[in-house]
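Undergrad: Assemble chain B onto chain A, guided by the hints.
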Amino acid sequence: MSKDSLRAAYRALEEEAGDYADAGRALTTLRRRRSAAAAGTALAVLAVLVMVSGLWPTRQESSVIAGPVHAVGRSIHTACMHGCPTFLTYTDGRQVSLGEQTPVPPGNLTLSPDGRWLGIPVGDGFEVRDLTGDTVYRTPSAASGEVIGPWAWSADSRTLLLASHASGDVSAYYLLDLTNGRISRPEVPKGFEPVGLSARGPVLFEESQYGKRATRVRLVVAGRETVLDGRDVELINQDGGPALEVRGDRIYARVVGKVIEFDLDGVEVSRYEFSGRALGPGPSGYLVFTDGKVATASGAVLYELPKESLISVPGRARH
Amino acid sequence: MKGFQEFVTARGHVLSRTAFLLTGDHHAAADLLQETLVKAAARWRRIEAGGNPEAYLRTMMLNQLRSWRRPRRLVFWSTAEVPERAAPDSSGHSDSRVALARALSRLGPRQRAVLYLRFYEDLPEAEIARQLQCSVGTVKRHTHDALKRLRELAPELLEAGHE
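For the protein sequence lines, the chains are A and B, in the order given. Counted from 1, the first sequence has number 157 at position 157 by the working numbering; the numbering is strictly sequential. Counted from 1, the second sequence has number 144 at position 144 by the working numbering; the numbering is strictly sequential.
So that you can see chain B by itself, here it is in the shape it has in the complex:
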């Protein structure tokens, strides 16, 4: 499993970022990624032979997020735990970061997945539908529902001129 370990060492931080943005929570992200890595380790030869393990694991993580119910008894902090910044942040990013992390903790997994793919990765709806293995209509519906919920939870994230 040397190849698996080398891959995780080299690309683990990128997958960690995806996991965090899909969950908005450090503990949930760690659990999501570790569960994905366990499954990937079990079929590593096949994944490696596919030629793009990072994309494969990312897709695994998205699928895992949608189908996975985090072991409830292992949830200590289901709410967002955004560490305090060491220095004051006058950019306004700190507020939006906290607001988004908190909002993500209140959205469903499918809603988080479409928001991440649409607004972080900037993918078109057709590509999101392909990645999530659903119809474009389903992507539109989840996006609509997610934005509606976000508007209730953190309207400042959708206000013009917030930046």
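Bound-form chain A, shown alone:
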């Protein structure tokens, strides 16, 4: 056994390292945490009361894109991790810059599965904009120290699940009905986390499984327990929970170089292996990014982007 090979691999890997250090962001985060600690819980309770009292969402002007373009979004991408602008690309090929200091896609940037709705963080809140019209829904500011981010879309693009959270701990979930702008508070049982909105109903993950290496994942789909069995593939590792995506009547479990597709009863439907990066389920199959090409897992190339792009495809949210 040669340890020199391992040393050489480390030397090779170090060439890929980016520059992730951001003093300004660290200081901003520090200030926010100190403010949050000082503000106490009273403010958070007040903020939640405001949110559920009917003030949210409201129609407002967006500062990002002026006016409707009457086309739907194809992707959000940035060509590099640091210093590159982020673009929204429409299905007709036009591109709009979303700015240079945005979260790195997919981050908190999201497109509905049909590409019609664009969701982006704005200040301490979140904005959802109809790309085919002039409707914009914007949340008020999150509770102190928290941010509001997109969690999951329904496959029909009519519902977006959002969460108000800080450092991964969610204080509240919200369902935004895009057909009328109304918001409701879903009932999430204690110890469970919603990971998707399926054709049958919400898909819940039992949180006690986090961080425990396992090939099997227990879920609750519309009130019924469903087990995803990766067989020889570890679906949960020590660093975090499984990477799950839900679209319609399918659940996708993503691991390194593989995606396993299950139906809502936990029956394995397909298993894809690829050398590039998994992007998420699309209307014509699971999408991957390889060698600058966005393609279905079966190999059909849809479009090209710069080779090191970080991408959010329609339907992609936190889960």
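Please keep in mind that the hints were generated in silico from the structure rather than gathered at the bench. Source: prediction; values computed, not measured. Glycine included, each C-beta is placed from N, C-alpha and C at the ideal position. There's no promise every hint is true.
A short list of chain A residues far from chain B (calculated; beta carbon distances all over 12 Å) [said to hold, decoys possible]:
#	residue
1	Asp4
2	Asp19
3	Pro85
4	Phe87
5	Val96
6	Thr132
7	Gly181
8	Arg185
9	Arg216
10	Gly257
11	Gly266
12	Ala300
Below 25 Å or equal to it, Euclidean Cα-Cα: the simulated PhoX-like pairs (lysine-lysine) are [as the list claims (entries may be wrong)]:
#	chain 1	residue 1	chain 2	residue 2
13	A	Lys190	A	Lys212
14	B	Lys2	A	Lys3
15	B	Lys2	B	Lys39
16	A	Lys307	A	Lys293
17	A	Lys212	B	Lys148
18	A	Lys258	A	Lys293
19	B	Lys140	A	Lys212
20	A	Lys3	B	Lys140
21	A	Lys258	B	Lys148
22	A	Lys258	A	Lys307
23	A	Lys190	A	Lys258
Facing chain A, from chain B, some residues (calculated, C-beta under 7 Å) [as the list claims (entries may be wrong)]:
#	residue
24	Val8
25	Ala10
26	Gly12
27	His13
28	Leu15
29	Arg17
30	Phe20
31	Ala29
32	Ala30
33	Gln34
34	Leu37
35	Met60
36	Gln64
37	Ser96
38	Arg97
39	Leu100
TA: What follows is chain B alone, placed relative to chain A:
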């Protein structure tokens, strides 16, 4: 906090490299380093007074890695995301780079820490034990477990003549 900002500007790339090699993942590295910087900013005067802030932050990052559970809901890509190279790489380094990044994503934090210190920084076990504040026996055990796991995940990284 001018000193903190100047330090990050000057040495951030070195700390970024450490964070990346400890995680094998760009997003995880960014999160690990940023969390470390937030904590360092809170006690910057004391760190600066110590005379070697880079070593201090590196140790903070190692401790952070071992005790820190990355906010799970912020994990989009727990798997390795190694950007495609613009040009073909015939050296074989590209394969080993991808294999190592993927393998790191499957190892535990302590295993990643000992592998990084042993095979990237080439530190002896006693020094690793000092840095990780554990016994030499614990370092040996984590190294053994990490190499065993690595042998399962990416045997090519431990094969003779791979270079």
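Undergrad: State the violated hints by number, sorted upward, taking the hints as numbered earlier in the document.
TA: 1, 2, 10, 14, 23, 25, 35 and 36
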